[in-house]
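Model the placement of chain R on the given structure of chain Z, informed by the hints.
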Amino acid sequence: MTDIPTWRDGNANADFTDRTIPARAGAGLKPSHIDQILQDDYRIGFLEVHAENYMGDGGAPHRALTAIRQNFPLSVHGVGLSIGSEKGLDEEHIARLKRVVDRYEPGLVSEHLAWSTHDTSYYNDLLPVPYDRATLDRVCAHIERVQDVLGRTIILENPSTYVQFEQSSMSETEFISEIARRTGCGLLLDINNVFVSATNQKYRPLTYLSQFPLEKVEEIHLAGHATDIDDEGDPLLIDAHDRPVDDEVWKLYDIVIGQMGPVPTLIEWDNDVPEWPVLRREALRAEGILEKRSANYLLGSRHAAAG
Amino acid sequence: MPRPDNIGDAGESESAVTLGRFSGALLDPGQPTPAGLVGPNGKKADKRYNVYRNNVTVGLIGALFDIYPAIHRLVGDEFFRAMARSYVRERQPQSPLLFRYGGDFAEFLERFEPVRELAYLPDVARLERAWLHAFHAADAPPLDSAALAAIAPEELADQRFIAHPATRILRSRFAAVSIFSANRSGADLAGIDPGNAEDGLVTRREFDVEVRSLPGGGAEFLLALIDGGTLGEAADAATAVTQDFDLAAAIGAMLEAGAFTAIATRD
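Protein sequences appear in the order of chains Z and R.
Position 105, counted from 1, in the first sequence is what my numbering calls 105; the numbers after and before it change by one each time, with no gaps.
Numbering-wise, my numbering comes out as the position in the second sequence, counting from 1, plus 1000.
Hints are computed from structural coordinates only; laboratory data are not their basis.
Remember, it's a predicted structure, so these values are computed and weren't measured experimentally.
We put the beta carbon where it would ideally sit given N, CA and C, even for glycine.
It cannot be assumed that every hint is accurate.
Heads up, simulated DSBU-like pairs for lysine-lysine below, C-alpha to C-alpha not over 35 angstroms straight-line [to be verified]:
(1) LYS251/Z / LYS1044/R
(2) LYS251/Z / LYS202/Z
(3) LYS30/Z / LYS87/Z
(4) LYS292/Z / LYS1044/R
(5) LYS202/Z / LYS292/Z
(6) LYS292/Z / LYS30/Z
(7) LYS98/Z / LYS216/Z
(8) LYS87/Z / LYS1044/R
(9) LYS292/Z / LYS251/Z
If you want the footprint, here are the derived chain Z segments under chain R, 3+ residues with CB under 8 angstroms [stated by the list, open to error]:
(10) 83-94
(11) 158-172
(12) 194-202
(13) 229-240
Isolated chain Z, as found in the complex (with noise of 0.2 angstroms):
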């Protein structure tokens, strides 16, 4: 028999290393990218999950995550806690998002600056929040307690919009900065959402990246969009995390890396998923970037330290 999946060999109760994350290229683990991922020779650098999907009890999406993490870094991408609800937190979620962290120990732990339950109904997207007092304490005080329960920081991720609300009475760069200065959280810098956002809001993705707390930045996320119109005709980007990365997100990540210097990098692709070779094709474009700016960085450090 050939066909029998690698994973099937892993070990249910094994011990992981790679407890931290490389300044390298990731991708969003695909379950059918898993036996391609773990015989290639290339080694990536890291994957990333969607917490939820590894909520179920047990079978096959366990056995398969656990061979992954036993070869390599992983980190744990939450997609339903709907951080800015108004009606509190679900305690019942952030005790499955435990559970999910205990068993794997990733070396990241993200969500995104969204809601997406309301009362009992979850809407499977991420939904805008007002940048407001009110929202702001809210936000900061969920991120408080998932940090208390999970006994440790987590990331947070900027994100995507398409509309903004009348009374909002910051930036969303105000916003978020405040945001890590009060939880002491990490940030999770999306470029894709960078880029949509400031097309769709009209500014300038490079004003947007010179306020952001890149100092606080343990991720990069980059992931490709698709383009709609408004009610005006104007450009409207979607993130739709279906293509390849928008050559202009390559341009802007190639200036925060030189920026920053090497940061853990995934690529996203959910929707009309390729085959592995072209979703490696796009880590190793990133991974390009990192190796290429390290140099320039070390080189950059070694003369400021000898000057």
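Using the frame of chain Z, we list chain R on its own:
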């Protein structure tokens, strides 16, 4: 600075968009874009808000598509999407675990007029739901036949068993198991009489979910055991409906399927 142009200390005015107002219009195309949502420079927000509407609707239809692939293939893509859209407007997920969504999709299909003639559809949906339950169920070893062989013959009838967490039984007035199996293996429904009543057993020994149809009396037998009845009681329940019930074959099949995980210890 990348600030919204409408900056000002609006505070918590009456015009504030609550998340309830934001969510209220997401799945109701008849409602206008919530007031208080805008684009930059006073741009309108209708198409902008529609991005969220579209994300939510398409995302939830996609979730149903993942959970009910046989139903999708049986009714066709376009029809499934339209039908799923109706369901999504009626029922939103009650959990961020999307694999739990659509728990009452079978009941929806029972009263969804356009599929009334496909009377077997709800039971096929129930079987798909049972399949997904088994896929995610907790790991447990299947009952070892050696454990059963070690029981003294005179004590066999008094044994009770612990069901495997994955195990589910579906009783259908239709050929739901044959239709499901043909569909998932890519075959058409030729040769299947949808009106044949079938009982199905869903199990998972290790990672692969298995679906098999049960002979007459099989469902009574297994349901009695799952309920905590003894082997003797279960055999009686099966024989009551099927006089020539083959107990030895039923025990062999239940071991092979991994329907139980252990013999219950005596009190």
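Hint-by-hint comparison with the structure:
Restraint check: the Cα-Cα separation between LYS251/Z and LYS1044/R comes to about 30 angstroms, which is no more than 35 angstroms; the hinted pair holds. With a CA separation close to 19 angstroms, the supplied pair LYS251/Z and LYS202/Z stays within the 35 angstroms bound. The suggested pairing of LYS30/Z with LYS87/Z holds, with an alpha-carbon distance near 32 angstroms, which does not exceed 35 angstroms. Between LYS292/Z and LYS1044/R the alpha-carbon distance is near 43 angstroms, which puts this suggested pair outside the 35 angstroms criterion.
Between LYS202/Z and LYS292/Z the CA atoms are separated by roughly 31 angstroms; this keeps the pair inside 35 angstroms, and the hint holds. Proposed proximity of LYS292/Z and LYS30/Z is supported: the alpha carbons are some 28 angstroms apart, at most 35 angstroms. Taking the CA atoms of LYS98/Z and LYS216/Z, the gap is near 23 angstroms; set against the 35 angstroms cutoff, the hint holds. The hinted pair formed by LYS87/Z and LYS1044/R meets the criterion: a straight-line CA distance of about 29 angstroms does not exceed 35 angstroms.
For the hint linking LYS292/Z to LYS251/Z, the alpha-carbon distance of about 14 angstroms falls within 35 angstroms, and the restraint holds. With 5 residues having a beta carbon nearer than 8 angstroms to a beta carbon of chain R, the segment 83-94 of chain Z meets the requirement of three or more and the stated coverage holds. With 11 residues bearing a CB less than 8 angstroms from a CB of chain R, the segment 158-172 of chain Z meets the requirement of three and the coverage assertion stands. For the segment 194-202 of chain Z, the stated coverage by chain R is satisfied: 4 residues place a CB nearer than 8 angstroms to a CB of that chain, which reaches the threshold of 3.
Check result for the segment 229-240 of chain Z against chain R: holds, 7 residues qualifying (beta carbon to beta carbon below 8 angstroms, three or more required).
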